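*Asks:* Each chain, letter by letter, is given below.
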Amino acid sequence: MEWIPLTDADREAMSRVVGIGSVDELFGTIPDTLKSGPLRLPEGLDEPALRALASDYAARNRMDLVSFVGGGYYDHYIPAAVDALTSRGEFLTAYTPYQPECAQGTLQAIYEFQAALCRLTDMEVANASLYDGGTAVFEAVTMACRITGRNRVVLDESLNPRWRDMLITHAANLSLDLKTGRDPAGAACVVAQNPTFRGTLWDYSALAEACHAAGALLVGVFNPVSLAIVKTPGAMGADIAVGEGQPLGIPLGFGGPYLGLMTARKTFIRKMPGRIAGMTVDHEGRRGFVLTLQAREQHIRREKANSNICSNQALCALRALVYLSLVGPVGLKNVAERCRAGAEWLKRRIAHFAPCANDGPTFNEFTVRLPREAEAVVTDLLSRGFVAGIPLALVGAGNPHELLIAVTEKHAPARLEAFAAALEEVCACG
Amino acid sequence: MNPESLKYSDEHEWVGESNGVYVVGITDFAQEKLGDITYVELPAIGRKLARGEEAAIVESVKAASDVFAPVSGTVVEVNYTLENDPGLINRDPFGRGWIFKLKDINAAEYDELMTYIAYRAFCQGES
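Protein sequences appear in the order of chains A and B.
The numbering of the first sequence is this note's numbering, which starts it at 1 and goes up by one.
The numbering of the second sequence is this note's numbering, which starts it at 1 and goes up by one.
For reference, chain A alone in the conformation it holds in the complex (with noise of 0.2 angstroms):
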């Protein structure tokens, strides 16, 4: 397929078919309020000098730091298959593969993709994927307002605060009537996360049970490496799961591209947002991949689609699929559990001078009380080597002494205690 732009030429032979004198004459009907003016954008720039500018950019990304900052975004190991596999050409796209005949390699993935997150969540369906962790929560929500007929959505503490914040943009010029709480009482959905967004681990079956009572629906938020070890979804009784697939084999980057995960119980499959592979089989009996369930979305049903979502992450979602093959059921649980112990020696370890603000246990990140304020702390930190993690208060999720850290297998043992080091001095110069 050839992208070339239109030359003078074709536009004038075009204008002299349709009988117009100029571009702007065909876009006349549309009222100059509306029309954005002229973009201030800078003059285009020769390979060179554009090579330049995107390496001065670069250059002020600090490649050298240990990263303690998770959040919902984790700094993983990624093995290298994960980067030779999923560079081949005949994967680069992002796209959604709607010719089942040319794309069978891509539809596979998917559907092995859906398979492996229903496996991880213990839940019966997935779909192809969302753009990320917050949209996937927002598509949950107004998923289970679709399910039940109902708008009131029930937010719980433990979201992640810029899920919330994104969920809340996302709603905007929506009818959702949007509680903080766990009140399921009229309510569409309460959405809960586990770990909660200060690191706690909880059982949510109780509340579960009484969304279900209440006619309401569960959406539980998740952190897929975590579910190697600590009860699924599925297992307390979530209606949909969703949740940010950037820890499976995603490099951390600045806005992303990361990936949305949505798995949910098969009795709501026609009420999924966006692509859903299936397996059938030819005419010959031979096996396929197609997309199906196409009808309720937006290139047929318009405004009436369950979601204005027409696409899919596929290129981060074949990442996860090859990360998830690569390392296993038991690597997998290896990598949880490493994450865990590596943040309970932690824990232990500052608990002296920095005491851990849980209430419950926790997986591979934890919240812990400093003696100074804890963003004067990550700033102290920089220039020994460490971003420490989030101070709670910068997203609302605490107060200004409080520092959420994630510890992931990357962090060898002498990282570790060179990093509780670090931050023994910088608590004690304050």
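Read the hints as simulated data drawn from the structure, not as lab findings.
As the structure is a prediction and not an experimental result, all values here were calculated from the model.
Warning: the hint list may mix true and false statements.
[To be verified] With a straight-line Cα cutoff of 27 angstroms, these simulated DSSO-like cross-link-like pairs (lysine-lysine) come out: (1) B:K48 <-> B:K103; (2) A:K347 <-> A:K271; (3) B:K101 <-> B:K48; (4) A:K333 <-> A:K410; (5) A:K304 <-> A:K271; (6) B:K103 <-> B:K62; (7) A:K271 <-> B:K62; (8) A:K347 <-> B:K101; (9) A:K347 <-> A:K333; (10) A:K231 <-> A:K266; (11) A:K333 <-> A:K231; (12) A:K231 <-> A:K304; (13) B:K33 <-> A:K333; (14) A:K231 <-> B:K62; (15) A:K304 <-> A:K266; (16) A:K179 <-> A:K271; (17) A:K231 <-> A:K271; (18) A:K333 <-> B:K62; (19) A:K410 <-> A:K231; (20) B:K101 <-> B:K33; (21) B:K101 <-> A:K304; (22) A:K266 <-> B:K62; (23) A:K304 <-> B:K48; (24) A:K410 <-> B:K101.
[Stated by the list, open to error] A few chain B positions that, by computed beta-carbon distances, are all more than 12 angstroms from chain A: (25) E11; (26) Y22; (27) F29; (28) S60; (29) A63; (30) D104; (31) A121.
We put the CB at the ideal spot given by N, CA and C, even for glycine.
Chain A is fixed; fit chain B onto it per the hints.
*Replies:* Then chain B, alone, in the frame of chain A:
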């Protein structure tokens, strides 16, 4: 039911009356346009519908289409057989492929529906 004794809406629903209960389905013309029907979403029993309100969804391999209430009324029965055999609508649109039944309907609205002959002419205009 005998198509000639039914009433029709311009959204291709048919209505048949028997003993004060009004049966609703989609016409042969509509099922032909939709193609193989794969799923039907039924209304809740007891639901009060206004004329023109979306009552059910009929999904084919091509599209998911709304079935509108041809007259105002209360849903008293739905055809659960369609959940396992949605193709009934293709095979027997005026009979076993009925979708829901209404009571307490608006009689004036019912009188405004098309007769069989008027509906046939209407379809010729559409195709």
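*Asks:* Just pull the numbers of the violated hints for me, sorted ascending.
*Replies:* The structure conflicts with hints 2, 6, 8, 12, 13, 14, 18, 24, 28, 29, although it agrees with all the remaining ones.
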